[in-house]
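Add chain X to chain P, keeping to what the hints say.
Taken in order, these protein sequences are the chains called P and X. Residue 134 in the working numbering is what sits at position 134 of the first sequence, and the numbering runs on without skipping anything. Residue 273 in the working numbering is what sits at position 273 of the second sequence, and the numbering runs on without skipping anything.
Think of the hints as simulated: they come from the structure by calculation, not from any bench. Beta carbons: idealized from backbone N, C-alpha and C, even for Gly. Be aware that one or more of the hints could be misleading.
[Unchecked claim] Quick list of simulated restraints, FRET-style, between CB atoms:
no., chain 1, residue 1, chain 2, residue 2, range
1, X, Gly15, P, Val20, 42 to 52 Å
2, P, Arg90, X, Ala27, 40 to 50 Å
3, X, Gly15, P, Gln9, 28 to 38 Å
4, X, Ala27, P, Gly145, 23 to 33 Å
5, P, Leu16, X, Ala71, 11 to 21 Å
[What the hints assert, rightly or not] Among chain X residues calculated to face chain P with C-beta under 10 Å, some are:
no., residue
6, Glu21
7, Ala53
8, Glu61
9, Arg64
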Amino acid sequence: MTSRAAEDQALIERYLDGDVAAFDELMRAHEDRVFAVCLRMLRDREAALDATQETFVSVFRKADRFAGRSAFSTWLYRVAVNTCYDALRRDRRRPTAPLPEHTDPPDTQAADAIEAAGLRPDIERALQSLPAEFRSAVVLADLEGLALQEVADILGVPVGTVKSRIFRGRKQLAEVLGNLSGRPRHPKEETR
Amino acid sequence: MTNFDPELIAAVADGTLPPEEAAAAEARLMANPTARAELEAQRLALAALRSAAVPQLDDMERARLRRTVAAELDVIRPVAAPAPKRRFTMPWAALATAAAVLLVVVAAGPLLSLLTTSDGDSAADTTFLAGTEAATEAAPAAGAEAPPATATAATTVVAEGAGDLAPDSPSVAALEVLPDLGELTRDGFTDEIGSRLALISRFEATDGTAADDNGIESARALLACEQRMPFLRPEAERITAVGLGTLEGEPVEVYEVAGADPAEVVFLAVAAASCEVVLEAR
Chain P
1 MTSRAAEDQA LIERYLDGDV AAFDELMRAH EDRVFAVCLR MLRDREAALD ATQETFVSVF
61 RKADRFAGRS AFSTWLYRVA VNTCYDALRR DRRRPTAPLP EHTDPPDTQA ADAIEAAGLR
121 PDIERALQSL PAEFRSAVVL ADLEGLALQE VADILGVPVG TVKSRIFRGR KQLAEVLGNL
181 SGRPRHPKEE TR
Chain X
1 MTNFDPELIA AVADGTLPPE EAAAAEARLM ANPTARAELE AQRLALAALR SAAVPQLDDM
61 ERARLRRTVA AELDVIRPVA APAPKRRFTM PWAALATAAA VLLVVVAAGP LLSLLTTSDG
121 DSAADTTFLA GTEAATEAAP AAGAEAPPAT ATAATTVVAE GAGDLAPDSP SVAALEVLPD
181 LGELTRDGFT DEIGSRLALI SRFEATDGTA ADDNGIESAR ALLACEQRMP FLRPEAERIT
241 AVGLGTLEGE PVEVYEVAGA DPAEVVFLAV AAASCEVVLE AR
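Okay, chain P solo, but in the shape it has when bound (with noise of 0.2 Å):
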C-alpha cells in the first residue's frame, strides 16, 4: 500500500468517527484531481463542479463499506468516471460523437499554419471528440499519469482493453488535432 493510501485509509478511518478535520484532509488531497477528471470527462466546467461534488457526497456516503482492498483514489476515479457517464448520457444537448471510421487525408498546410503561428490545438475540444470510454482511458492514463492496472481497475475492464483504448484515443485525437504525417495514402502529402 502506498504512503498516500495509506493515509486515506486513516483518514476515513477518523472521518468515521466523526473528524471533521479528516473530511478537510481527504477533499483538499483529493478535490483537485478529481475535479480535473470530471472537467477533461464533461469539458464544461459547471458539469465538472457538479460531478466532482457528486463524487464526493457518494463517496463519503458510502465510506463505512470502503474495506480498503484497493486504494481509495482508485475508488474515488471509478466513482468520478461513472458520474461523469452518466452525465454523458443525461446531457443529449452535448453529444459525444465519435469519429467517422473513414478520416480524409489530414491538411498539412493548415497543420503548418498552425504550427508557424504558435497555436496550440485545443486539446480540452479534441478530447471532447473521442467516444467516452476512450477519453477516461487517455484521461486516467495519460493525463492522470495512473497505471494501467490502475486504470483497468478503475474502469472494470481488463489491462488490454485499457491498452487498446488508449491507443484508440490516442490516435483519434492526433487526427482530430490534425497532426497526423507520413501516412503513405495520398501523394500530396508526401510534400513535407
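Structure of chain X alone, referenced to chain P:
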C-alpha cells in the same frame, strides 16, 4: 502489409519499455511506413496531452465544493476558535467603543406591512418576522416618515454628500450602536438582531465606488470563507453590488444582494473590520 502490435507502438510512445528493447522496437516500427505513422500519431497525441494545462479549482469553486459537500453530508464544523470568533464580534465591540454604527434602517409604512404580512413565510423566516413585529412596537418613537409606496423608492437609501448617511434621510429613523453579540448562530442572530429592527432597506453608497466584478467576487470570496458564519454562505452568491462609503466617519462596505421579490430585501453591512452580517426580510 506488415502487421504491427498497437500495444507495442503505444509502449514505445510511452517510453515505458526498457531502453534496449525500446530501441529495437522503434527501429522495427520506423521501417514500416504505417507503423511509423501510427507511432508518430501516438507521440504527437501524448505530447499534446501532456502540454495541456492542469485544471484546478479556483478559490471560490473550492469553497463552494466543500461547502455543498459538507452540507449534503451534514458535516458539522466545530465552533470557531477564539481568533476567528473575534472577527465576528470585533465589529460589534468596535461599534460600541468607536461610536461607529451598523446601518440599521428603520422605516414604517407600506413596506413594513409587506414584511409582517407576507404570505408563504418559511419557518426560518418566522423567527425574524417575530423580531420585526417586536421592533415595530419600539420603532414608532423614531419618527420616520413613511417611505414611498413603490418598492424601489422604499428600499433605497441614498447617502448624501461624501457618502455619509444623512441622519435625517427620510428612510433613516434610527442608527443604533449594538453591543458585543458574541458568537452568533442563525437563531441567536435573528433573536438579537430581529429584536432591534423593524425593516431592512437597501443601502447605496454614493462616494463614487462602483460595483465591479472584482469587488463582487471579492465579496463573495469573503462570505464563502470558512471563517464566516456558516449560515451566511448561501447568501454569498447572491451579491450583486458592492459599495463603499462612510458612516459617521467609519468606513463601511455595503453589499447589495439580489432578491427575487421586490418586497424581499437583503441588506449586508460590513464594518471596517470586515465582519459580514446578512439580514433577510421577506
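Each hint, compared with the structure:
no.: 1; hint: X:Gly15 x P:Val20: 42 to 52 Å; in the structure: holds (43 Å)
no.: 2; hint: P:Arg90 x X:Ala27: 40 to 50 Å; in the structure: holds (48 Å)
no.: 3; hint: X:Gly15 x P:Gln9: 28 to 38 Å; in the structure: holds (32 Å)
no.: 4; hint: X:Ala27 x P:Gly145: 23 to 33 Å; in the structure: holds (27 Å)
no.: 5; hint: P:Leu16 x X:Ala71: 11 to 21 Å; in the structure: holds (19 Å)
no.: 6; hint: Glu21; in the structure: violated (17 Å)
no.: 7; hint: Ala53; in the structure: holds (9 Å)
no.: 8; hint: Glu61; in the structure: holds (6 Å)
no.: 9; hint: Arg64; in the structure: holds (7 Å)
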